[in-house]
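With the hints as extra help, turn the sequences into a complete structure.
Protein chains: 2
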Amino acid sequence: MQVSAPEFSMIARHFRPLAGPEGLDLLDDAALLTPPPGAQLVLAADAMVAGVHFLPDDPPETIGRKLLRVNLSDLAAMGATPLGYLMTIALTPETDDSWLAGFVAGLAEDQAEFGLRVLGGDTVSTPGQLTLSLTILGQVPPGAALTRAGARPGDDLWVSGRIGDGWLGLRAARGEIPDPDGALARRYRLPEPRLALGLALRGLARAAMDVSDGLLQDASHLCRAGDCAAVVEAALVPVSDATAPVTALVTGGDDYELLFAAAPEDRQAVLEAGLAARTPVTRIGRFTQGPARVNLTDQMGADITPAKLGWSHL
Amino acid sequence: MQVSAPEFSMIARHFRPLAGPEGLDLLDDAALLTPPPGAQLVLAADAMVAGVHFLPDDPPETIGRKLLRVNLSDLAAMGATPLGYLMTIALTPETDDSWLAGFVAGLAEDQAEFGLRVLGGDTVSTPGQLTLSLTILGQVPPGAALTRAGARPGDDLWVSGRIGDGWLGLRAARGEIPDPDGALARRYRLPEPRLALGLALRGLARAAMDVSDGLLQDASHLCRAGDCAAVVEAALVPVSDATAPVTALVTGGDDYELLFAAAPEDRQAVLEAGLAARTPVTRIGRFTQGPARVNLTDQMGADITPAKLGWSHL
Numbered sequence: 001m002q003v004s005a006p007e008f009s010m011i012a013r014h015f016r017p018l019a020g021p022e023g024l025d026l027l028d029d030a031a032l033l034t035p036p037p038g039a040q041l042v043l044a045a046d047a048m049v050a051g052v053h054f055l056p057d058d059p060p061e062t063i064g065r066k067l068l069r070v071n072l073s074d075l076a077a078m079g080a081t082p083l084g085y086l087m088t089i090a091l092t093p094e095t096d097d098s099w100l101a102g103f104v105a106g107l108a109e110d111q112a113e114f115g116l117r118v119l120g121g122d123t124v125s126t127p128g129q130l131t132l133s134l135t136i137l138g139q140v141p142p143g144a145a146l147t148r149a150g151a152r153p154g155d156d157l158w159v160s161g162r163i164g165d166g167w168l169g170l171r172a173a174r175g176e177i178p179d180p181d182g183a184l185a186r187r188y189r190l191p192e193p194r195l196a197l198g199l200a201l202r203g204l205a206r207a208a209m210d211v212s213d214g215l216l217q218d219a220s221h222l223c224r225a226g227d228c229a230a231v232v233e234a235a236l237v238p239v240s241d242a243t244a245p246v247t248a249l250v251t252g253g254d255d256y257e258l259l260f261a262a263a264p265e266d267r268q269a270v271l272e273a274g275l276a277a278r279t280p281v282t283r284i285g286r287f288t289q290g291p292a293r294v295n296l297t298d299q300m301g302a303d304i305t306p307a308k309l310g311w312s313h314l
Numbered sequence: 001m002q003v004s005a006p007e008f009s010m011i012a013r014h015f016r017p018l019a020g021p022e023g024l025d026l027l028d029d030a031a032l033l034t035p036p037p038g039a040q041l042v043l044a045a046d047a048m049v050a051g052v053h054f055l056p057d058d059p060p061e062t063i064g065r066k067l068l069r070v071n072l073s074d075l076a077a078m079g080a081t082p083l084g085y086l087m088t089i090a091l092t093p094e095t096d097d098s099w100l101a102g103f104v105a106g107l108a109e110d111q112a113e114f115g116l117r118v119l120g121g122d123t124v125s126t127p128g129q130l131t132l133s134l135t136i137l138g139q140v141p142p143g144a145a146l147t148r149a150g151a152r153p154g155d156d157l158w159v160s161g162r163i164g165d166g167w168l169g170l171r172a173a174r175g176e177i178p179d180p181d182g183a184l185a186r187r188y189r190l191p192e193p194r195l196a197l198g199l200a201l202r203g204l205a206r207a208a209m210d211v212s213d214g215l216l217q218d219a220s221h222l223c224r225a226g227d228c229a230a231v232v233e234a235a236l237v238p239v240s241d242a243t244a245p246v247t248a249l250v251t252g253g254d255d256y257e258l259l260f261a262a263a264p265e266d267r268q269a270v271l272e273a274g275l276a277a278r279t280p281v282t283r284i285g286r287f288t289q290g291p292a293r294v295n296l297t298d299q300m301g302a303d304i305t306p307a308k309l310g311w312s313h314l
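The listed protein sequences derive, respectively, from chains A and B. Residue 139 in the working numbering sits at position 139 of the first sequence, with consecutive numbering throughout. Residue 28 in the working numbering sits at position 28 of the second sequence, with consecutive numbering throughout.
Derived by calculation from the structure, the hints in this document are not laboratory data. Computed from a prediction, not measured in an experiment: that's the story for all the values here. Heads up, some of the hints might be wrong.
Claimed, not checked - Quick look at which bits of chain A chain B covers, simulated, 3 or more residues with Cβ under 8 angstroms:
{"id": "1", "stretch": "37–43"}
{"id": "2", "stretch": "49–57"}
{"id": "3", "stretch": "76–83"}
{"id": "4", "stretch": "86–98"}
{"id": "5", "stretch": "114–128"}
{"id": "6", "stretch": "143–155"}
Heads up, the beta-carbon is just placed ideally off N, CA and C, and yes, glycines get one too.
Below, the structure is given as structure tokens:
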């Protein structure tokens, strides 16, 4: 956390309580972490820009937590458990003390919920958009990590939770659709990383990833990595709102559910893993022979694949 | 590296060659790294914003390298050796293929020079300034890391290289001062992380950090962490340009030299460490009893401490 004289005390006062001894109180050039003996490290990084990945008027309490949860979701997809994180923040001149206090309070809540602490970071100023970047560290036993590669023709395609909350949540947060209890907007702002499910799927899922860019697009990544095709049955997808257009929900992104392949003989084991992790899991299709592509079919088996499979960050 | 369909191939084509097997070809949710047995991990993160930390028209070849070197300098200050890094980039709509090609070519050069590879990252779009964030991982034998805490009254204060290149380099890059062979601008754009010296100072320096915010300000951090005071003798500081005002050079920042404390009985050993690391080291002052503060003195011993000790990022 390299910040300079006049602002040092303000930033440090907010962030230092988030750090543990391995973060050296954020006073040093770097953090010192002794990794658990024998573990493999899992490392992921994501960035968020105000107006692109979150709404500029989102409550400060949720902004850092969203980025942390998006990164925790990457750990979940690998079957990893969290060790810590580093965060850089490019602050705008408008960012004041009360915004920082809220931002840090939100992070503190999630640090407690997910059992990790900040290890370090950097705070700089920007004349542009508030921009956050987070690197997360997790661990897995050697060889136990789930990866995107490994799906085979004949495998089932599964998804956790519900698909569409991210897309509906964004619309709700923008005031475009009704959201009387705020539950949808909350899902958009605070996705639920499926860490327990990722753990339970170690040794069971043949391939896994999290749904960030849209169910169909992310399924196509599993196809590419496994060199096979996939069929998703629209009627099987657990959607958030049966009245919303299914093609919007399966391409909408920001769901942060786990999408994974498992052998058909492991159906019961997968359902039990979902129960153990208290996370619903639903079989929504299968992998097939053929060049890497994903097709969405309706109840009659007709192809209803949309032209655009997902959401683009750029 | 989470990027989406249409741009995926462009970004991936540029970045994938930078990754090794531990980066899973940047195709997965995260990287998998087996840490060297018994090592402690050293972790640091820094961010840079166009127009704040580098000039928007700096050559793309130098921009990523500067951020990488700033982070490598954090490892050097801890006596650590590099393991890998993750980088997030918020690209502006103006960033084109040739800019990316230059950016990645610069990184490739430094990856080869410093012996590390990219482990992962994220590429997003921003309507604001080009913004980069980098997290670096390094390693040290357990307990061998140098930290900012440890300077004691009576210790010598040392610095590597020359002080002022960063400040003069920025002015040269802006065209404000002559720089016939471009050497000063190059120093600003491509600082030299003192990794070999950091290694050589393990077990020898009692406290260390790198000079990023200005020699005096960073010396005050060593004082605070060591609960002592320090005196810097202006005439001893190895400055880049004897005709420039010394107070500008010792408060200018961006030098990325190592600033460290060592016992007076180790003077010869420190000089030998500098020789072994092919890095000049100069004794510039001493730590004293008293509340944490730094004083700059002239050759007569008179106090010439400037009001502002360094450079502020915010």
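query = Of the hints stated earlier, which fail here?
reply = Result: no hint breaks.
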